[in-house]
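For reference, the chains in residue letters:
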Amino acid sequence: MTLRTFPATLAFLVIAALPSVHAQSITRGPYLQMLSPNAITVRWQTDVATDSRVQYGGAPDTLASNAGDGASVIEHDIRLTGLTPDTTYHYSVGTSATMLAGGDDTFRFKTAPLPGTIQPVRIWVLGDSGTGGDGTGRAESVRDGYYNSTFYQDPDFWMMLGDNAYTNGTEAETTRAIFQTHPMMLRKCTLWSTLGNHDTYTSRGEPYFNAFNLPENAECGGQASGTERYYSFDYANIHFICLDSEGNHADGSPQLEWAKRDLENTIQQWIIAFWHAPPYSRGSHNTDTEPGLVQQRLDFLPLLESHGVDLVLCGHSHCYERSMLLNGHYGLSSTFDPNTMALDTGDGSETGDGAYQKTEGSNNGTVYVVGGNSGKASGGSLDHPVMITSQNKLGSLIIDVNNSRLDVHEIGTDGVPLDNFTLLKGPLGPRLIPMGWYSVSDHAGTPRALPILDHTFIEPRQAGLRRVEISFFESVLVGNPATAVAVTGINAAGPVDLSSLGITVTASAIDDRVVVEFSNDSGPCALPDAAKWRFTLNPAALSGTSGAILPNGAANSRVITSLAGDTTGTGRCTGIDLNRIANSGPFNPLDADHLRADITGDGVIDATDRAAAWANRATRTDTLTQPD
Amino acid sequence: MIPMQTERVAHRRGTAPHQPGRAGWRLVVFLLWAAALAPVGAHEDNFVEIRQLTANIAASPDNPRLYLRRAEMQRLLRHWHAAEADYRRAAELDPKLALVDLAFATLWNDAGQPEQALVLLDGYLSRSPAGPEGYAERARSNRMLKRWAAAAADCAEVLKHTPDPDPEVFAAWAAVLIDGGERAQALEVLNRGIARLGRVASLAMKALDLEESMALHDAALQRIGAMLAAPGRKDSLLLRKAGILLAAGRGDEARACVVLARQQFNAVPEARRLTAAGRQLAAKIDRLETQTAKTTSTQNTNHPPQ
Ligand SMILES: [Fe+2]
Numbered sequence: 001m002t003l004r005t006f007p008a009t010l011a012f013l014v015i016a017a018l019p020s021v022h023a024q025s026i027t028r029g030p031y032l033q034m035l036s037p038n039a040i041t042v043r044w045q046t047d048v049a050t051d052s053r054v055q056y057g058g059a060p061d062t063l064a065s066n067a068g069d070g071a072s073v074i075e076h077d078i079r080l081t082g083l084t085p086d087t088t089y090h091y092s093v094g095t096s097a098t099m100l101a102g103g104d105d106t107f108r109f110k111t112a113p114l115p116g117t118i119q120p121v122r123i124w125v126l127g128d129s130g131t132g133g134d135g136t137g138r139a140e141s142v143r144d145g146y147y148n149s150t151f152y153q154d155p156d157f158w159m160m161l162g163d164n165a166y167t168n169g170t171e172a173e174t175t176r177a178i179f180q181t182h183p184m185m186l187r188k189c190t191l192w193s194t195l196g197n198h199d200t201y202t203s204r205g206e207p208y209f210n211a212f213n214l215p216e217n218a219e220c221g222g223q224a225s226g227t228e229r230y231y232s233f234d235y236a237n238i239h240f241i242c243l244d245s246e247g248n249h250a251d252g253s254p255q256l257e258w259a260k261r262d263l264e265n266t267i268q269q270w271i272i273a274f275w276h277a278p279p280y281s282r283g284s285h286n287t288d289t290e291p292g293l294v295q296q297r298l299d300f301l302p303l304l305e306s307h308g309v310d311l312v313l314c315g316h317s318h319c320y321e322r323s324m325l326l327n328g329h330y331g332l333s334s335t336f337d338p339n340t341m342a343l344d345t346g347d348g349s350e351t352g353d354g355a356y357q358k359t360e361g362s363n364n365g366t367v368y369v370v371g372g373n374s375g376k377a378s379g380g381s382l383d384h385p386v387m388i389t390s391q392n393k394l395g396s397l398i399i400d401v402n403n404s405r406l407d408v409h410e411i412g413t414d415g416v417p418l419d420n421f422t423l424l425k426g427p428l429g430p431r432l433i434p435m436g437w438y439s440v441s442d443h444a445g446t447p448r449a450l451p452i453l454d455h456t457f458i459e460p461r462q463a464g465l466r467r468v469e470i471s472f473f474e475s476v477l478v479g480n481p482a483t484a485v486a487v488t489g490i491n492a493a494g495p496v497d498l499s500s501l502g503i504t505v506t507a508s509a510i511d512d513r514v515v516v517e518f519s520n521d522s523g524p525c526a527l528p529d530a531a532k533w534r535f536t537l538n539p540a541a542l543s544g545t546s547g548a549i550l551p552n553g554a555a556n557s558r559v560i561t562s563l564a565g566d567t568t569g570t571g572r573c574t575g576i577d578l579n580r581i582a583n584s585g586p587f588n589p590l591d592a593d594h595l596r597a598d599i600t601g602d603g604v605i606d607a608t609d610r611a612a613a614w615a616n617r618a619t620r621t622d623t624l625t626q627p628d
Numbered sequence: 629m630i631p632m633q634t635e636r637v638a639h640r641r642g643t644a645p646h647q648p649g650r651a652g653w654r655l656v657v658f659l660l661w662a663a664a665l666a667p668v669g670a671h672e673d674n675f676v677e678i679r680q681l682t683a684n685i686a687a688s689p690d691n692p693r694l695y696l697r698r699a700e701m702q703r704l705l706r707h708w709h710a711a712e713a714d715y716r717r718a719a720e721l722d723p724k725l726a727l728v729d730l731a732f733a734t735l736w737n738d739a740g741q742p743e744q745a746l747v748l749l750d751g752y753l754s755r756s757p758a759g760p761e762g763y764a765e766r767a768r769s770n771r772m773l774k775r776w777a778a779a780a781a782d783c784a785e786v787l788k789h790t791p792d793p794d795p796e797v798f799a800a801w802a803a804v805l806i807d808g809g810e811r812a813q814a815l816e817v818l819n820r821g822i823a824r825l826g827r828v829a830s831l832a833m834k835a836l837d838l839e840e841s842m843a844l845h846d847a848a849l850q851r852i853g854a855m856l857a858a859p860g861r862k863d864s865l866l867l868r869k870a871g872i873l874l875a876a877g878r879g880d881e882a883r884a885c886v887v888l889a890r891q892q893f894n895a896v897p898e899a900r901r902l903t904a905a906g907r908q909l910a911a912k913i914d915r916l917e918t919q920t921a922k923t924t925s926t927q928n929t930n931h932p933p934q
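Chains as they are written, first to last, in our numbering: chain A, 1 to 628; chain B, 629 to 934.
Treat the hints as calculated values from the structure; they're not laboratory data. Here the structure is a predicted model, which is why all the values come from computation and not from measurement. Some hints here could point you the wrong way.
[To be verified] If you want the footprint, here are the derived chain B segments under chain A, 3+ residues with CB under 8 angstroms:
id	region
1	792-800
2	822-829
3	852-866
4	902-909
[Said to hold, decoys possible] Some but not every residue of chain A turned toward chain B, in silico, with C-beta under 7 angstroms:
id	residue
5	N217
6	T227
7	E257
8	E264
9	N265
10	Q269
11	G308
Even for Gly, the Cβ is constructed at its ideal location relative to N, Cα and C.
Required output: the full structure, derived from the provided sequences and hints.
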């Protein structure tokens, strides 16, 4: 990078004038960039120019490999290549003579899985977080809200949605708001970013482009853009496309030509697009009255929606706004017609109106999130009609993708979700309703009540719904499931009475599931289309062997349980992300797809990867060890 | 409306800041017009910064950079009149502050008055010849005036003064050349961009469009062959290739290429096929299949389909 050589040159001139040698110390980082299955870039900044060296290996004390550069610079930029996909490495940084940082477990990175890999993915997203270190504590409260929440786990990577350093994106503001606010996350998780307007206010974004390495030449997947202003990358089964709302996005512009080619090239299951200024908002910005935002909506959205982009993340407006499942709304908000421009007007929550489903013979429908609330909450009318929720609160987003399921949680400063929604996609088939993550702590076979059964679920519109399975995971159900399930429907005309349609509902227990099927005089049948169906479970009619149950909505890999006093039996835990169990020795993965594990001893499973997994044996505990 | 300007008016910014010349008065008219038309959204950050800058100006009333900065904030808020006043004050404090001319020139171009912009830009570039912005803005003026050669020369200067150019620099230059009827030169510029930046998708697709429009079938096939060799989906590229083969009179190869395109499309995961774009592609495959079924090769070649 041409720009990056400048500070080094400047530093050299300054140092050359100094009478004595200055001690080297790190002023930024180390931090991780351009994550791919086989490579990663390690960056750090020093107060004086030195050469660069990264040592890396499989454990903090065995950093057998190294890479470096003999040039004397203050912006150190080393690309490690030839790495193994989906593998954790530890590292240190320094000069050819001295290690300046590293050597403990916090200095680590995990390479990306190969494109198309299906495995749980966690992403943490901050928008307009540039108030970090400004003395108001806002960005810090958002950061700590996630760190202290029950949802916490190290993300696979994290993202900033622009306006990362208020007010002018200067070098000093960048250091303060990014590097001094997030030193721990930066050293272990790759940060991706998109350009915000404030990031351009100093020398057309020079400090921003100095700080970030972004793939111009398809180094991390996707198509080569030739610029760091917009780019794409792949991670597991997700394609990410970063657009530039601050540059030229007119029809025929290089940006749109590239985006079109990039989108028609991907075969990934999910596509997430992100950029700074949102297409829909009535927060501190209004997408009806700001001409640039009106035009940008017309430029970006038809292309993205035609390619089935699933989720759009933006910032700029300092609030949290989240849309319904949309398709084809490109005009002013006064032209929004939910009947023709929304594919699902529900809230997308499994505990509310039901998840959004992209399974009806098309992959249409996009959810738009405005998350410019990670450093400021600046109000606004907060009444855009496409939005399911609009909140003037600080927070950050977590995105969990697991195969055909994508969950989004907006986490407030108190660690409590402000919003949750789910997108599902895949072929039509038996519809599985998960009862949430929970685990078995008593596998002696003693039937016990299933306390979470007082729960209702609404299926979104789904064509040809013939069979529904309600899963209780590893429980063995007893009781009378035939009376445990009530099915009610609603369509535009009002409630749907199944008995008047001659449809009978049957429910039976098969292993750990209640299977619900429908029949009429001619035999098995489907539920009528164009209605939403609610399955209400009667807790009194069912019981089974089960145990400690996590709260509804608990994210995967948040399961913590213990087996009391039985070191020889075999029990099972569900909802455990095996990739994140620190000590997997006693666990024998049974079924990686469903994240089950055999437990052959008693102890504590800690879903965070840095805690001691087998501390506190034989003691029942639900304590989560907080990461740093 | 902005009055039409037919004469070239000397720029008098430095000499009479409070008494704008005719260009200045017309600008004031434009600014008032623009302010009346442009709705202002809430930009809380900009307001905060303007308040801060106003406080700083009160403490250092002779610092031209503070006025310039506040003018930029006012411009972002479309507070044209306030922006203009701050630009003028900055210029008054530092007559050498050439950026003011560039800012005004941008406004003139925005207003569809490129002749006015040119006057300012010539002056700006004589004092600040090292940066690309002035050349880019002058290229815009010249393009609006259909002075293609001058616009192309400015685009060349933009590249010369941009150490780390992005695709926009090459695309804008090529667009000026295409508008001026110089398609071969435009292709050269795009190829130069690809040589400099790598196989950038936007430039490669633009070059492919040009080659097709100029019936440079072999060059287009070579380019698309290289794109097909890269990882990723092949279906849309194969379809494009079939179209080029068909235009080149190589019907048999085109037909084989459509078959390959369909195979590739069918192998794409459902999530990517069941989209509006996917359905459009499938329809295109159908159309080209029908077209190629009716044709046979008019050229006898040994090119195998890829
Ligand atoms: Fe912004």
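Structure-based check of each hint:
1. Here's how the region 792-800 of chain B fares: 5 of its residues keep a CB closer than 8 angstroms to some CB of chain A, so the rule of at least three is met and the hint holds.
2. Counting residues of the region 822-829 of chain B whose beta carbon lies closer than 8 angstroms to any beta carbon of chain A gives 5, which meets the minimum of three for the stated coverage.
3. Here's how the region 852-866 of chain B fares: 3 of its residues keep a CB closer than 8 angstroms to some CB of chain A, so the rule of at least three is met and the hint holds.
4. Three residues within the 8 angstroms Cβ limit are the bar, and the region 902-909 of chain B against chain A gives 7, so the coverage statement holds.
5. For A/N217, the interface hint holds, the least distance from its beta-carbon to any beta-carbon of chain B being 5 angstroms, beneath 7 angstroms.
6. With 7 angstroms as the threshold, the beta carbon of A/T227 comes within range of chain B, its nearest partner Cβ sitting at about 4 angstroms, so the hint holds.
7. For A/E257, the interface hint holds, since its Cβ comes within 7 angstroms of a Cβ in chain B; the closest pair sits about 4 angstroms apart.
8. Hint status for A/E264 relative to chain B: holds, with the closest Cβ pair at about 5 angstroms, below 7 angstroms.
9. For A/N265, the suggested interface contact is upheld, since its CB lies about 4 angstroms from the closest CB of chain B, less than 7 angstroms.
10. Here the hint on A/Q269 is kept, as its CB sits about 5 angstroms from the closest CB of chain B, short of 7 angstroms.
11. The interface hint given for A/G308 is met, as the beta carbon of that residue sits about 4 angstroms from the closest beta carbon of chain B, less than 7 angstroms.
Checked against the numbered hints listed earlier, the structure breaks none of them; every hint is satisfied.
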